[in-house]
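Peer 1: Sequence:
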Amino acid sequence: MWVTTPENFDIELIVMKIIKCVTQLANHTLDLGSLNKPYDYLHRVLRGRRFFLVLDDIWVKNEHEWNIFKSFLSIGKKGSTVITTVRDGDSVIIGSAVPYELTVPYELKPLPDDVCFDLLVKKAFGTKNELDLMGFCEIVKMIVKLCRGLPLAINMIGGILQCHPENPSHVLEYLNSYSSGDLNIHTLIEFSYYTLPWHLQFCILYLMMFPKDYTFDKHEIIDLWNAYGFIPCTHQDDTIEDYGGHCVNILVSYDFLQEVQYPDGQGNLKYCINSQVYTFLNYAVGIKHMGTDAIYGMMCVKMSNDRCDFPGWIRHLSLLCDEKTRTFPSALSHCKNLRTLLLVKNSKMDELKQKIGITQSNDDLFSHLKNLCVLDLHSCSISELPKSIKKLSCLRYLNLSETDIETIPGSIGNLRELQVLNLSYCRNFHTIPESIGSLQNMLILNLSYCKELCTLHPSITKLENLQTLNLEGCCKLGNLPEGMYYVRELRHLNILECFSLTCMPSRMGQLSHLQTLSRYIVTAEAGCTIVELQNLVNLKGALRIENLEKVLDPEEAKQAELNSKSNVTSLALHWSWLNFHNDDNKSSEITALHVLEALQPPPHLEILEIFSYPGRGAPEWMTNESTLKSMVEIRLVNLKGLESLPPLGLFRFLKVIEIRGMNAVTCVDDSFLGNCGMFFSLEKLTFSQMPNLEKWVSKINGDRFPCLTDLTIAYCPKLKVLHFSCSSLDKLTLLFNNAMLYSTPGALKYFGRSLRKLTIGLCCELVATSTCEALHDLTALEELEISECNELIRLPQGMRHLTSLRYLTITNCRNLETLPGWLRYSASRPELIISGCPKLRHQI
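Residue 609 in my numbering is what sits at position 606 of the sequence shown, and the numbering runs on without skipping anything.
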């Protein structure tokens with residue numbers, strides 16, 4: 004677990020972050036805001052377990068506070084480790100970071116020059132060969148000397164050279180003149196800052212509006228920058244998001260912004276300002292720019308009991324709110340030159356997903372703020388906007404996300420300069436006023452997860468400059484207004500999870516600038532067929548096509564020209580299985596095959612998903628290795644007509660395969676490998692809901708899956724054996740009814756020397772008398788997890804043969820009553836982790 008600690012050493016917040024790490028590592032979800040006693044919960048989840056915890060960047064001077072915090076960590080099993088990183092060698096935690104035994108602090112030394120050289124070359128030039136070709140090797144070595152082994156220096160200078168690889172000699176010259184041969188972090192950050200283009204200097208400086216360690220969503224950053232014109236699009240086809248993303252990437256390469264990856268399984272990235280960069284900008288650069296109108300008069304003010312003080316001349320203000328904030332400060336009425344007003348939750352509220360307690364505002368709140376350009380009220384508890392909102396004629400950015408807003412007033416049409424309107428996650432929002440059509444400068448309209456929104460007013464089609472319309476998660480939205488083709492500048496249309504949406508507006512093919520189309524729902528009506536995709540030549544990213552049973556003419560599918568859409572990297576093709584199930588006409592199966600043949604994906608496709616295809620044969624392009632050379636993931640779901648698996652081994656770069664609901668398949672054999680005879684890159688394979696699959700056999704000697712580490716078998720009740728060699732398999736998961744697979748002798752013998760972890764879950768047939776003979780061959784098995792096997796009263800005797808077992812985890816087995824005595828005398832003495840077993844009487 005890795006936890007970055009807040010600067011003020013808030014014990015409750017740190018405990019919350021540790022709990023979040025624990026639950027996410029266990030693939031559990033937990034509403035932290037629902038925890039009444041977080042300390043008790045932490046005690047339960049850590050008690051008796053061995054854990055490894057890194058507390059990064061600790062700032063604590065109070066020994067009493069540190070001792071209190073240590074007491075919460077002293078409940079782990081012997082062998083648990085806590086590592087702290089500190090900058091201040093005088094911190095009280097030095098020498099007492101681990102609650103089990105004192106250790107001598109380890110002082111990190113500067114990196115050796117050869118390591119610095121390799122890191123710098125990798126970041127700036129890619130490879131040393133590239134550097135040699137450019138003839139800059141000696142110059143780079145001189146730059147490395149100036150860095151004095153400091154990782155931050157290497158990273159920042161690497162970012163500069165990455166953006167300016169043709170001028171390392173100029174960088175060396177400037178570094179020497181800037182630092183007088185003695186480069187320190189302060190001069191390095193200052194030098195890096197002034198090598199940025201002017202608009203990027205303003206971009207990073209504007210983010211100083213937020214408190215230290217605040218995490219930004221990428222789109223949030225870009226929208227704020229755009230509101231002040233900090234994003235100059237250099238090409239007519241560039242969108243704000245495209246060029247804004249480029250700006251973010253440059254600041255990341257300079258190490259001014261750092262990526263924060265949350266382990267939520269969705270890969271969502273957030274960003275924060277490098278803490279040392281924040282300190283420098285706060286005290287140095289800000290002073291030099293005080294005369295610059297774009298960022299003059301910035302201030303982040305902490306509110307206390309709804310009161311805070313700030314000067315009337317302030318132009319950019321963020322209010323740091325806590326759980327006691329209930330109203331806007333009265334001092335706002337004196338800030339007639341205010342351009343930016345942001346409400347920001349403190350770290351604890353953000354971690355607990357709490358809202359700001361402001362429920363209403365004075366109707367005259369904005370009467371005196373006529374110069375306001377940016378207004379961010381996200382996560383407030385307000386249910387309606389004050390009437391004075393209509394007076395904000397200069398407003399370009401309005402963020403009302405996660406509020407209790409139900410509708411917006413018709414006077415919103417007065418905000419003629421408005422470019423960004425964010426109403427995402429307004430759970431009660433249900434009505435868009437007709438006046439929305441007056442906002443001709445609108446670029447981005449975000450209505451995602453407005454779950455009560457049923458319709459969009461037709462006037463939305465008057466937004467001729469709209470580039471992004473995000474409707475994801477609007478589950479009650481029944482249709483899109485006709486005339487969407489008038490929104491000719493539209494680049495991004497997101498309608499994922501719009502479950503009530505059953506058709507597309509007509510003539511979508513006229514939106515020639517469209518780059519993102521998350522779903523296209525095919526119908527037979529004129530202007531709504533699959534042919535509309537033909538002219539959408541700029542599509543990129545993920546595309547999902549639904550209702551393909553409506554395509555009755557394969558020629559129409561061919562006219563969609565999917566194979567020419569080279570920037571589409573993920574493609575999902577959906578048939579409605581119900582429609583075919585009720586159709587006795589066998590010709591529909593033949594039609595489906597011809598339609599799928601005509602929907603050949605583009606050659607650079609990376610992810611392919613096919614759902615409920617009713618045909619009995621695979622298309623030609625799925626049996627030709629030259630068609631999809633870049634494919635890394637494929638999912639075939641409910642292809643009930645196919646009697647054999649397609650030769651997926653042809654695609655050499657496949658890493659993930661999921662095959663689910665192929666009822667007609669009875670055997671997996673070497674034809675699955677294709678002409679290549681193996682899967683060169685496959686890492687994860689899943690077979691699920693295949694009730695007639697009986698065996699998996701291979702006649703080819705040797706390892707056919709050299710990279711496979713994760714195999715999942717779910718609800719394959721007839722599957723008896725997995726007779727194929729795989730020396731790399733590390734993890735096997737058996738879900739639902741798979742008794743034959745773990746009970747048949749020799750069924751898993753080919754994995755005996757490699758398999759380290761076995762999970763058996765949701766298997767109601769696992770009982771105390773189960774022989775589990777297949778497990779006898781798993782001589783290398785170290786981890787066994789049994790979950791939600793509700794018929795299990797005690798562990799089967801057959802499991803006692805797992806002589807290498809180190810960890811035994813049993814969760815949510817509701818009827819488990821006792822643990823067998825043989826566990827006490829097992830040679831490996833496995834560590835037990837048990838939860839959710841209410842009837843368990845005896846624990847070893």
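No lab work stands behind these hints: they were computed from the structure.
Do not rely on the hints blindly, as some may be mistaken.
Listed next, with one range per pair, are the computed distances between beta-carbon atoms [as the list claims (entries may be wrong)]:
id	residue 1	residue 2	range
1	Glu686	Arg756	57 to 67 Å
2	Thr88	Glu485	55 to 65 Å
3	His249	Asn170	13 to 23 Å
4	Pro108	Pro154	11 to 21 Å
5	Phe739	Cys670	13 to 23 Å
6	Thr626	Gln513	29 to 39 Å
7	Glu834	Pro115	32 to 42 Å
8	Met137	Thr458	50 to 60 Å
Straight-line alpha carbon distances no greater than 35 Å define the calculated DSBU-like cross-link-like pairs of lysine-lysine that follow [said to hold, decoys possible]:
id	residue 1	residue 2
9	Lys394	Lys465
10	Lys148	Lys73
11	Lys80	Lys148
12	Lys339	Lys23
13	Lys64	Lys305
14	Lys351	Lys454
15	Lys390	Lys305
16	Lys543	Lys356
17	Lys356	Lys339
18	Lys112	Lys215
19	Lys131	Lys64
20	Lys148	Lys112
21	Lys358	Lys273
22	Lys221	Lys373
23	Lys561	Lys632
24	Lys390	Lys465
25	Lys702	Lys632
26	Lys465	Lys373
27	Lys479	Lys390
Where a beta carbon is used, it is the ideal one built from N, C-alpha and C, also for glycine.
Peer 1: Now look at each hint and say whether the structure bears it out.
Peer 2: Hint by hint, here is what the structure shows:
1. Glu686 to Arg756: 57 to 67 Å: 19 Å, violated
2. Thr88 to Glu485: 55 to 65 Å: 59 Å, holds
3. His249 to Asn170: 13 to 23 Å: About 20 Å separates the Cβ atoms of histidine 249 and asparagine 170, which means 13 to 23 Å holds.
4. Pro108 to Pro154: 11 to 21 Å: 19 Å, holds
5. Phe739 to Cys670: 13 to 23 Å: 20 Å, holds
6. Thr626 to Gln513: 29 to 39 Å: Given range 29 to 39 Å: holds, Cβ gap about 37 Å.
7. Glu834 to Pro115: 32 to 42 Å: 39 Å, holds
8. Met137 to Thr458: 50 to 60 Å: 59 Å, holds
9. Lys394 to Lys465: Distance ~23 Å between lysine 394 and lysine 465 Cα, so the pair holds.
10. Lys148 to Lys73: 41 Å, violated
11. Lys80 to Lys148: 46 Å, violated
12. Lys339 to Lys23: Status violated; Cα separation ~43 Å.
13. Lys64 to Lys305: 23 Å, holds
14. Lys351 to Lys454: At roughly 27 Å apart (the allowed maximum being 35 Å), lysine 454 and lysine 351 satisfy the hint.
15. Lys390 to Lys305: Given pair lysine 390, lysine 305 holds - Cα atoms ~27 Å apart, limit 35 Å.
16. Lys543 to Lys356: 33 Å, holds
17. Lys356 to Lys339: 33 Å, holds
18. Lys112 to Lys215: 27 Å, holds
19. Lys131 to Lys64: Measuring from Cα to Cα gives roughly 45 Å; hence the hint is violated.
20. Lys148 to Lys112: Holds: lysine 148 and lysine 112 sit about 15 Å apart, inside 35 Å.
21. Lys358 to Lys273: Since the Cα atoms of lysine 358 and lysine 273 sit roughly 20 Å apart, the hinted pair holds (cutoff 35 Å).
22. Lys221 to Lys373: 28 Å, holds
23. Lys561 to Lys632: 21 Å, holds
24. Lys390 to Lys465: 25 Å, holds
25. Lys702 to Lys632: With Cα atoms ~27 Å apart, lysine 702 and lysine 632 stay inside 35 Å; holds.
26. Lys465 to Lys373: At roughly 26 Å apart (the allowed maximum being 35 Å), lysine 373 and lysine 465 satisfy the hint.
27. Lys479 to Lys390: 29 Å, holds
The structure shown violates the earlier hints numbered 1, 10, 11, 12 and 19.
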